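> Sequence:
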Amino acid sequence: MGKFDKLILKLLSGSADSNFSFDDLRLILLNLGFTEKTTGGSHRIFYKENIVEIVNIQPDGSKAKSYQAKQVRGIVLKYKLVSYE
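Quick note on the working numbering: the sequence shown kicks off at 1 and runs consecutively.
Where hints are given, some of them may not hold.
To be verified - Cut-off 27 Å, straight-line C-alpha distance, at most; resulting in silico cross-link-like pairs (DSSO-like, lysine-lysine):
id : residue 1 : residue 2
1  : Lys3      : Lys63
2  : Lys63     : Lys37
3  : Lys37     : Lys48
4  : Lys63     : Lys6
5  : Lys63     : Lys78
6  : Lys80     : Lys10
7  : Lys80     : Lys3
8  : Lys3      : Lys37
9  : Lys78     : Lys10
10 : Lys65     : Lys80
11 : Lys6      : Lys80
12 : Lys78     : Lys48
13 : Lys80     : Lys37
14 : Lys65     : Lys6
15 : Lys65     : Lys10
16 : Lys80     : Lys70
17 : Lys78     : Lys37
18 : Lys65     : Lys3
19 : Lys6      : Lys78
20 : Lys3      : Lys78
21 : Lys3      : Lys48
22 : Lys10     : Lys48
23 : Lys6      : Lys37
24 : Lys63     : Lys80
25 : Lys10     : Lys70
26 : Lys48     : Lys6
27 : Lys65     : Lys78
Stated by the list, open to error - Listed next, with one range per pair, are the computed distances between beta-carbon atoms:
id : residue 1 : residue 2 : range
28 : Ser83     : Gly40     : 30 to 40 Å
29 : Gly61     : Ser83     : 27 to 37 Å
30 : Lys80     : Gly40     : 32 to 42 Å
31 : Leu77     : Glu49     : 14 to 24 Å
32 : Lys78     : Asp5      : 15 to 25 Å
33 : Met1      : Leu77     : 32 to 42 Å
34 : Gly40     : Leu9      : 32 to 42 Å
35 : Lys37     : Lys70     : 14 to 24 Å
36 : Ser15     : Asp60     : 10 to 20 Å
37 : Lys6      : Gly40     : 24 to 34 Å
38 : Leu30     : Ser66     : 19 to 29 Å
In short, the hints are calculated from the structure, not lab data.
Everything numeric in this text was worked out from a predicted model, so none of it was measured.
A virtual CB, placed ideally from N, CA and C, is assigned to each residue, including glycine.
Please model the complete structure; the sequences and the hints are all you need to start from.
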């Protein structure tokens, strides 16, 4: 199992929302095909064709904020961006 698979399982489990690094959440979004746009500050905007929601994440130290992990998980589930059998 690769790093992305481990990260997506961690995200989907919902047990570590407050313990996600900013870089790991960013890696998940990029691997799911999102495009990253920098804002000139610490915020990063992610968007993907055919997905209405825009994801805005910014680091809290080296961590992502827990609500951002929840938001990404919601989008992954809503749009069925991953499938594990």
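> Take the hints in turn and mark each one as holding or not.
Hints versus structure:
1. Lys3 <-> Lys63: Measuring from Cα to Cα gives roughly 17 Å; hence the hint holds.
2. Lys63 <-> Lys37: OK: Lys63 and Lys37 at ~19 Å, within 27 Å.
3. Lys37 <-> Lys48: Judged against 27 Å, a Cα distance of about 11 Å means the pair holds.
4. Lys63 <-> Lys6: Judged against 27 Å, a Cα distance of about 17 Å means the pair holds.
5. Lys63 <-> Lys78: At roughly 24 Å apart (the allowed maximum being 27 Å), Lys78 and Lys63 satisfy the hint.
6. Lys80 <-> Lys10: 16 Å, holds
7. Lys80 <-> Lys3: The given pair, whose Cα atoms are some 20 Å apart, holds under the 27 Å limit.
8. Lys3 <-> Lys37: Between Lys3 and Lys37 the Cα gap is close to 23 Å, so the pair holds against 27 Å.
9. Lys78 <-> Lys10: This hinted pair holds, its Cα atoms lying about 17 Å apart.
10. Lys65 <-> Lys80: 23 Å, holds
11. Lys6 <-> Lys80: 17 Å, holds
12. Lys78 <-> Lys48: 14 Å, holds
13. Lys80 <-> Lys37: 23 Å, holds
14. Lys65 <-> Lys6: Holds, because 19 Å separates the two Cα atoms, which is no more than 27 Å.
15. Lys65 <-> Lys10: Status holds; Cα separation ~15 Å.
16. Lys80 <-> Lys70: Given pair Lys80, Lys70 holds - Cα atoms ~15 Å apart, limit 27 Å.
17. Lys78 <-> Lys37: 23 Å, holds
18. Lys65 <-> Lys3: 21 Å, holds
19. Lys6 <-> Lys78: 20 Å, holds
20. Lys3 <-> Lys78: OK: Lys3 and Lys78 at ~23 Å, within 27 Å.
21. Lys3 <-> Lys48: Holds. Lys3 to Lys48 sits at ~22 Å (cutoff 27 Å).
22. Lys10 <-> Lys48: 22 Å, holds
23. Lys6 <-> Lys37: Judged against 27 Å, a Cα distance of about 25 Å means the pair holds.
24. Lys63 <-> Lys80: The hint holds at about 25 Å.
25. Lys10 <-> Lys70: The given pair, whose Cα atoms are some 12 Å apart, holds under the 27 Å limit.
26. Lys48 <-> Lys6: 22 Å, holds
27. Lys65 <-> Lys78: This hinted pair holds, its Cα atoms lying about 20 Å apart.
28. Ser83 <-> Gly40: 30 to 40 Å: Given range 30 to 40 Å: holds, Cβ gap about 36 Å.
29. Gly61 <-> Ser83: 27 to 37 Å: 33 Å, holds
30. Lys80 <-> Gly40: 32 to 42 Å: 33 Å, holds
31. Leu77 <-> Glu49: 14 to 24 Å: For Leu77 and Glu49 the Cβ distance comes to about 19 Å; the hint holds.
32. Lys78 <-> Asp5: 15 to 25 Å: 20 Å, holds
33. Met1 <-> Leu77: 32 to 42 Å: Because 20 Å falls outside the window, the suggested range is violated.
34. Gly40 <-> Leu9: 32 to 42 Å: Holds, since Gly40 and Leu9 (Cβ atoms, about 34 Å apart) stay within the stated range.
35. Lys37 <-> Lys70: 14 to 24 Å: 22 Å, holds
36. Ser15 <-> Asp60: 10 to 20 Å: Taking Cβ atoms as reference, Ser15 and Asp60 lie about 19 Å apart, which means the hint holds.
37. Lys6 <-> Gly40: 24 to 34 Å: 32 Å, holds
38. Leu30 <-> Ser66: 19 to 29 Å: 20 Å, holds
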